[in-house]
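S.K.: In case you want the letters, here they are:
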Amino acid sequence: MTEVLKIDGLSAGYGPLRVIHDLDLVIWPGERLGIVGLNGHGKTTLIYAIAGLTGWQRGSILLNGEQIGRTRSQGAGRYTHQIVRKGLAIMPQGDEIFTGLTVEEHLDSGAFTREAWRDRKTRKERVLDLFEPLRKLMKTPVGRLSGGERRMVSIGRGLMTDAKLYLVDEPSLGLAPKLGQSVMEALLAIDLEDSAMFIAEQNVALLEGRVDRVIGMHAGKLKGEASTTLGIG
Amino acid sequence: MEIAQILSNAIIVAAIYGLIAVAVSITWSSLGLINLGYGFVFSFAGYWAWLTAQHLSEWPPLIAAAGILGGAVGGVIICLVVFIPLHDKPNFTTRGMIGTLAISLIGSQALLMQFGPRAKSLPELFGSWQVDVAGMALTSDKIGIVLCSALMLGVVVIWMKGSRRGLEIRAMMMNPHAASIVGIGIRSTGIYVMALTGAMAGLASVLLSQTYYIAPFSGLTPLIKGVSIALCGGLGSVQGAVIAAMMLGLTEAATSRFLGGQYVLITQFLVIIMILIVRPHGISGLLDKAREQ
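These protein sequence lines map, in sequence, to chains R and H. Basically our numbering = 1-based index in the first sequence + 145. Basically our numbering = 1-based index in the second sequence + 133.
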């Protein structure tokens, strides 16, 4: 069984700033992994480093056995679309949306592979089954939606292709506790099969007992690991 | 009847410069590039059309197609030489502007060396008939110019709304960072954008050659007007560019009727300055905010 993601000695940052320090991480197929840490300790940067969006980075990143990490000092985002096409779905924090596109166009924009584009209708249905409230908003520009609806759109967009690895950045950030709860529920309801999911979150309570593993992140390093079936408490 | 005459002239000027303005606008908002290379694309496409008319056939659709194709090729050249090497480097906006300006100058100089300084003229594409509408004579070329550019603009808008590539381009216009997150390649989209906008400049070139001649540096005035109309309309907004093109077309037609052709540039830029004083982001500069972040 090959790892979905295998990171070896990853360092990354922006300009003179080093955010991720020599980080190693393995994610197995079918696994839901929670990364917990405070603001500014590198959760988002780790996601961006996997996608090749940081200012610079070095170290090895294997996605399904394929090398997607490279040592580079510039060119943020230059190879991101190629990495994404290899099976990465990124569900970024709330504001990475296209305010002028409608919800429907938004979901379409997530279907970037040829097969996904061809049967985007059935895939959209699948997303709508997960997020019922979006059904009547299909023709509304995303800029007019509420925070929770936007989060649903951004997660739904990530579900439009068959990714090997879903990277979810702070799904509950800025949402009312109840909404955050239901977004998390939707994430847990997704059938992973042999893909894997990586959830970065500040709120441990939301993850506890529901994902397979939780790892703490502190100052750009992973600290301590717990299998949540045993409880972290 | 004078007003009707001025209006019809205004619409024709607006149709041609509007095409370039929309092209400039789309390039800026999706790629973040102020493309000053349209001057070269414009003349380049004109020479393609002229060569086709000389050597292949004088069938009007073929000449127009040659101009559009030439413009698209010119756009792709600029994309390959300037946009792709520079787009993720620091200070891209300034460097891109200088790079495209350099292409414009070098390209026009190369055209001068190849074809000489003598201006070329294209055959009449739309025949030479005329109809009277409400006592006003509308010649065939005027009707043809307006129809062609409206058709091109319509096709571009429908394509941007309906197709997958159009969706990618619109996503890039709204949020380039999020676009790369969903797997839209900046460089491949850049090629589509530049080919599309180049084709628009190419058509504008063929249409303008019905009134003026094709010369190595004939693209300079349309470029300046196109960029200033795009600025005026609010970079990044297609409607804004169309409205601004109408206003400046009206200014041009009225000035050349009442004051004389030599004052056109003066009044035009006065109007542009006034618009930008009242609305610094242009007539409908909605996207500026997204770009400034």
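Watch out, some of these pointers could steer you wrong.
[As the list claims (entries may be wrong)] Some chain H residues near chain R, calculated using beta-carbon distances under 7 Å: (1) 235; (2) 308; (3) 315; (4) 354.
[What the hints assert, rightly or not] Calculated lysine-lysine pairs in the BS3-like style (CA-CA distance at most 30 Å, straight line): (5) 266(R) with 284(R); (6) 231(R) with 253(H); (7) 323(R) with 281(R); (8) 151(R) with 281(R); (9) 281(R) with 222(H); (10) 368(R) with 309(R); (11) 266(R) with 281(R); (12) 323(R) with 231(R); (13) 323(R) with 284(R); (14) 294(H) with 284(R); (15) 231(R) with 275(H); (16) 151(R) with 266(R); (17) 231(R) with 309(R); (18) 151(R) with 284(R); (19) 266(R) with 294(H).
Hints in this document: simulated from the structure, not taken from any laboratory. The C-beta atom is built at its ideal place from N, Cα and C for all residues, glycine as well.
S.K.: If a hint holds in the structure, say so; if it does not, say that too.
M.R.: Hint-by-hint comparison with the structure:
1. 235: Violated. Min distance 23 Å.
2. 308: 5 Å, holds
3. 315: 5 Å, holds
4. 354: 33 Å, violated
5. 266(R) with 284(R): With Cα atoms ~15 Å apart, residue 266(R) and residue 284(R) stay inside 30 Å; holds.
6. 231(R) with 253(H): 51 Å, violated
7. 323(R) with 281(R): 21 Å, holds
8. 151(R) with 281(R): Not OK: residue 151(R) and residue 281(R) at ~40 Å, beyond 30 Å, violated.
9. 281(R) with 222(H): 42 Å, violated
10. 368(R) with 309(R): Satisfied, since the Cα-Cα distance of roughly 25 Å is no more than 30 Å.
11. 266(R) with 281(R): OK: residue 266(R) and residue 281(R) at ~16 Å, within 30 Å.
12. 323(R) with 231(R): 34 Å, violated
13. 323(R) with 284(R): The given pair, whose Cα atoms are some 26 Å apart, holds under the 30 Å limit.
14. 294(H) with 284(R): Within the cut-off at roughly 13 Å; holds.
15. 231(R) with 275(H): 52 Å, violated
16. 151(R) with 266(R): 33 Å, violated
17. 231(R) with 309(R): 8 Å, holds
18. 151(R) with 284(R): 40 Å, violated
19. 266(R) with 294(H): Given pair residue 266(R), residue 294(H) holds - Cα atoms ~18 Å apart, limit 30 Å.
Checked against the numbered hints above, the structure breaks hints 1, 4, 6, 8, 9, 12, 15, 16 and 18 and satisfies the rest.
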